[in-house]
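> In case you want the letters, here they are:
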Amino acid sequence: MNIQEHLPILVVAIPILMSALMIMLRSRPALQKTLNIIVSASILLMSIILLLQVWNSGIQVYEVGEWGKYGIVLVADLLGSGMVVLSSGISLLALIYSLDYIEGKSLNTTYHSLFNLLVAGLNGTFLTGDIFNMFVFSEILLLSSCGLVVASENGGVTKVSDKMEATFKYLILNIIGSMVMLIAVASLYATMGTLNMADLSVKIATLSDAGTMPWHIYFIALLFIIVFGNKAAIFPLHYWLPDVHPTAPSPISAMLSGVMIKVGAYGILRVYFLVFKDALFLLQPIIILLALITIAIGSIAAVGQKDVKRLLAYSSVSQIGYVFLGIGMGTAYALAASLVYLVNHAIAKSMLFLTSGGIIHHAGTRDMHQMGGMAKSAPLMSSMFLIGAMSIAGLPPLGGFIAKFVLFDAAMLGEYYLPVLIGFAFAVFTIFYMFRAWLLMFWGEARDSKKYGPYPSHGLSPMITVPIIILAAAVLILGVYSEPLIALSSEIANQLLDPQPYINAVLGGSVR
Amino acid sequence: MESFTAIILAIFLPFAAAIFIPLLEKFLKHRIGWFAAGIALLSFALIGIVAPEIIHGHIIQHSIEWMPSIGAEFSIYADGLAMMIGFIASGIGVIIMSYSNGYMSHKEDLPRYYQYMLLFMGSMIGMVFAGNTLQLFIFWELTSITSFMLIGYWRDKPASIYGATKSLLLTAGGGLFMLAGFILLHTITGTYDIATILQNPAIIENIKAHPFFLITLILILIGAAAKSAQGPFYIWLPNAMEAPTPVSAFLHSATMVKAGIYLVARVHPIFSGTEAWFILVSGIGIFTMLLAGFLAFRQTDIKAILAYSTISQLAYMMTMYGYTSYHEPGLGVAAATFHLLNHATFKACLFLVAGIVAHEAATRDIRKLGGLRKDMPITFIIASIAALAMAGVPPLNGFLSKEMFYETSVEMGHIIGGPFTFLIPAAAVLGGVFTFAYSIKLIDGIFLGEKHHGHLPEHVHEPPYTMLVPAAFLAGLVILFGLVPSIPVHNIIEPTTAGIVLEEVHLHVKLWHGFTPALFMTVITFIAGLTIYTRYDSIAAWQDKFNARYPWISVNYYYDRIVDGAKGSAKGFANFTQPGSIKLYIYAILFLMVILFAIPAFMMATQVFPANLNFDIPPYEALILTLMVIASVAAATLHRYLPAVIALSAVGYMVSLVFIYLKAPDLALTQVLVETLATIIFLLVIARVPQTFKEKIPKTTLIRDIGISFTVAATVLVLLLNATKGIAPPFESLSHYFLENSVKLAGGHNVVNVILVDFRGYDTLGEISVLCLAALGVYNLIKSRGEGE
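Chains as they are written, first to last, in the working numbering: chain A, 1 to 512; chain V, 1001 to 1789.
Some clues are possibly wrong.
Claimed, not checked - Which bits of chain A does chain V cover? Going by a derived footprint, with three or more residues having C-beta under 8 Å, they are:
#1 466 to 475
#2 485 to 497
Said to hold, decoys possible - In silico lysine-lysine, BS3-like type, Cα no more than 25 Å apart, as pairs:
#3 K450(A) <-> K1157(V)
#4 K306(A) <-> K1107(V)
#5 K169(A) <-> K1571(V)
#6 K376(A) <-> K1571(V)
#7 K1783(V) <-> K1725(V)
Said to hold, decoys possible - Here are a few chain A residues that face chain V, going by a calculated C-beta distance under 7 Å:
#8 I226
#9 V303
#10 Y416
#11 G444
#12 A505
#13 L507
Since the hints were made in silico from the structure, they are not lab data. Being a predicted model, the structure only gives us computed values, none of them experimental. Virtual Cβ for every residue (Gly too), placed ideally from N, Cα, C.
Turn these sequences into a full structure, and let the hints steer you where they fit.
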C-alpha cells in the first residue's frame, strides 16, 4: 500500500479521529497539547506533499469505498490541495497560539476536539468531489466554529452574553444558508440524477449543447451565490460577520477571517467553474456588483469602528469583496489575481487577529479609544500590527500590495474600468482606517491611567508571539518575492477555466 | 566593481544597515549617527563609481528575473536623472545625518530615527534607479511610509500624528493613483519596463495617439503632485514640519518632495510635446508657485515659511518641466533640472539654519526672533548666502537657474503667443517677487533688527561644529555652483537633461549673459520685491483677516471636514447598515433569493410552471396535506407555547405519515423518533418559561412577514415543481445503480441502509461528526454560562 495515495482521506480522517481522542485525553492536558501540535504539523506536511504530488503528476482522485461516481470521490486538484495547505498552515499557527491564549479548562475539555473537527471540515470541503458531501462538511464547519466562538479566553474581555448573541446570529443566518444549499442540491439531484460534480459538469454541458437545459438549473446555479456568499460574507449576506469575528477568541477570529470565509470563495470557484460553466454569464455581473457593494460597505463601516477586532472584521468584509471582484471578472489573469489576493488576505488578516489578541492581552480592552501610546509598552505588537495593516492597505513591500497590483492589472486588462476605479477609491479608505487604528492604539499619549488603569506589564509568551512573527515573515516574503504564489495561482486559474482534466481524472477509466 | 552591483549596493546597503542599527546602538550608543552618515557616504561613493560612465553618455541598464509570471523584472535604469537625484539623496544624507549628531538629543530614541532615515535614503535611491514602473511604485510608497514615520517621530504629540496622517493619506493615497496610471500604461504598451518605452519611439507615438493618453497622464500627475505638494495637495507639507528639523531638511525640502518632480521628469519623454502636458504640468506649477509664495507671508514659524517656500520652489520646477512644444519638447528641462539641484543645496542649508536657530534660541517664531547677527555671526553669513541664493541674487546658484526660468518663460510665452506672450513671463516674475520678499524676511526677521530680549535667551551661542559644518558646506556649494557653474552643468545637468530629452545636450550657463529680457526681469523682481517687502506685515495681516472671515476658502478646511466627518458618518453608516436586528438580516437573504429567482425566471424560462402538472391527488394524501397546512398555520398563529409546540410536532408526524404512504417505513420511524424527542425537549424547556408570547406583533409587520414568507415559499415551490419533474433526459438516476448493486456488491437488502453505511458512508461519518459537534457545542454553552453568569 502506498501511503501517498491516501493523503486526501488522511487529512480529513486523522483530525476526525483526533477529535474523538482529544475528548478521551481531557484529563491529560500536556499530552493533548503535544499530540495536537504534532498532528497539526503532520497534516501540514501531508498537505504540502499532496500539493507537490498534484503539481508534479496531475489531479489525484480518491474513491471512498471504490464506488466510483456512485459513491463519494475526493479530488485533489491544485485549487483544493492549495487551499488545504493554506488552511493547514494557518490552523497550525492558530493552534499553537491557542495553547496559551485559551483558558485552560475550556482548552482541555472541548477546544481541541472542536478545533480538530474544524480542520477536518475545512480539508473535507476543499477536497470533496461530491456536492452533497460538500454540504455535509460545511455543516461540520459551521457547528465546529460555533462551538469555538464561545470558547473562553484567558483574561477575556468579551462578555459571555455577547458571545451567545453573536453565535445565535451566526447559527441562524448560516442555517438559512444551509437550508438553501440543501434545497439547491436536492433539486439538482432530482433533475440530474447525480451528485458527483464532474458528472454534473458533463451532464449540464450535454444539456446545454443540446439546448434542452431546464431553466430552473439557472436558478439552482444562482442559489449557490446565497450558499457561498453567506460563507464568504458578501453583501447582503455579510451581516453575521461583524458580530461573530470580534467576539470569538482571537485565534478563532484568525481562523474565521483567515480561512473560513475563504471557503465561500472556494465554493464559488469550484461550483461555478466546474459544474455551472454555462451559468457564468449570469453569475459574473451579479458577483461583480455584489463585490463592489461589499468593498464599499466594509471599508466605510470600518472607518467608524472603535473596537479593534470589529474594525478588522469589517475590513475582512471589504477585502473578501476584492477577492470576489476577481472571481467575477473571470479571466485567467483575474482568477489568478483573486487567488493571490485570497492567500495574502488569509495570511495578513489571520496575523492581524492574532496580533489583536496580543493587544487585548496588553490593554485589557478592545476599545481603541482606551488605548494609546502602546508603541513604547508593546513594541512588538506595534510593528506586527503595522506590517499586517500595511499589507491589507496594499502598501509595498508587503504581500497585500502584490495582490492589489495584480488584481487591478487584471481588471484593467479585462477593461473593467469602473470596478477598478471603485477598487482604487476604497483602497485609499483602507489605508485610512488601517493607519487610523494603528495610530489610535500605538501613537499618542498613553491612556489615562486613573480612568482605565495602567497597562498590565506582563509580557507575551513565545507561544503567542512566534506564530505572529512567522505570519509576518510570510507577509513580507510574499511582498518581496511572490513568484511561486503567482505561478501556482495562474496554474490554478488555468485548471479552473479548463475543467476537462478534472472531469477526466474523476470519470475517466476507473469509473464503473 | 561592476556598475550594476554598485548601484544595487547603493540601494540595499542602507536597508541592511537599518536592520543592524538597533544592535549596533548597543555598542556605539549615541555615536550611531556617525555610522548612519558613514553608510550614506558609502552609498554616495558607490554612485560615484558609476558616475563617469553615465556622464559620458552611457545609460546603465540591467535586469534580473523577479516575477516572470506577471512579466516583471527587477531592473536598474541609471541615466543622468537617476544619478543626479541619487547623488542628492546620498550626499544630503551624509550632511543631514552628520548634522543630526549635534541636533538630536542623546535621550531621544536614536535607533528608530536613524533606522528610518536610512530606510528612507535607500528607498529614495531605489526609486530613482528603478528600471520599471512597478519597482518605482514600490520604492515610491516606501519613501511615503518612511516619511510618515519620521514626521510622526515624536509620536505622542497630537500635532505630529495629525501631520503624519495627512502626509500619508495624501502621498501614499496619491501614489495609488499613480499606480493606476502605471497600470494603464501597461495596458497600452504591454510592458512595465521604463527603458523599453523610452527607447522605442514607436511605443511613445502609440501612447500619444491612444484614447487613454489623457487619463493616464492625469493619474500619473496626481501621484506626482501629491508627492511634491503641488496644487491642492500642498496642504500636507506645512504640517510635515512637525518632524525633527533635520528630517524636514532632508525629506521635505531636498529629496522626498523631489520625487514628484523626478516622476514628471521621468515620464517627460513619454508625454511631453503635447498641449495636455503643458497645460497640466505648467498649469499646476504656476498656480502653486503663486499661491504658496503668497501664503508664505502670513507664516510666523520659520519652518512654515520654509515649507511654503519649498512648495513654491517645487512649483518652479514643475512649471519649467511643463514648458514644452511640439518642436521643442524639452524646452524647460535644463532650467528645471538645474534649479532642482540648486534648490536642494540652498533649501537644505536654510533648514539646517532653522534647526540651529531653534536649537540655540529655543524658538522658531519669527515674531520673537531678531537681531541674532551679533550672537551667531557665522550662522548669519551662512543663512544670508542661502537665502539670497533663493531670492535669486548673483553670483549665487539660485540666480543662474532663476535666469534660466525667466528665459524659458519668455520663450514659452512667445511660442504660445497671444496674451500669453506677456502673461507667462509676468507670472514667473510675480513668483520671483514673492520669493524675494520672504527670503529677505528670513534674514531680516531672524538676524537683523533688534533682539527681543523678553523672548530670547540672554546669550545665544553659535552651534557645535557638528551642526555648523554641514550647513557651511552647503553654503559653500551654493557659492561654488554660482561662480563656476560649469562644474555642475557639465557633470550633472547635461547628462541629466540628456536623460530626459533623450539626446545629447550642451549647455552654456554663465553669470553674465548680456542685456537679455531675463536680466531685465530680474531687475524688476528685485525692485518689486523690495517694494513689497516694505508692506510685508500688512499683507500678512490682510491674509489673516481674510482667513478668519472666509475659513472655507482653504483646502485644509475641506481636508479636516472630510477626515473628521468620515469617522462620524462612517459610524452612522455602519449603524445604519448593521442595525443589529437579525430579522432584517434574514429579510436580506430572502430578498436576494427572490431576486435570484426572478432573473432566470424572466430571462430564461419559457414556462415557469412545468406543463402537465398532475392535480389528481388521492383523498388520503389530500387529507394529510390539509392537516399539515392547518397544523402549520396553527403553529404560527397560536399565542400560547404549549399548543403551538404540539401543532408543530403534528406537522412532523404528518410528514412521517407521508413517508409511510410512500412506502418508506424506516424513514417514517426515524421521523417519528426525531419528532417525539424534539417535542419532549421542547416541552421540558417551555415548562420553565412564561406560557404566553409577550410581544404583540404590529399589523404592518405581520402583513410584511406573511408577504415575504409567501414569496419565498412560492419560489421554492416553483423550483421543486420543476425539479421533481424527474431526471432530465437522457440521464438516469443513480438509484438504479443502488437498487441493482445493493445486494450484489454491498450485500445488503435494505437499500437505504446500504447507501447510508456503504455507498455514501463517508457522508454518514460527517453527519455523525455533526451530531457530536452539536453535543460539544451545547456542553460548551452550558459550561460557559455556568462560569460567566
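> Need the list of violated hint numbers for this structure, in ascending order.
1, 4, 6, 7, 10, 12 and 13
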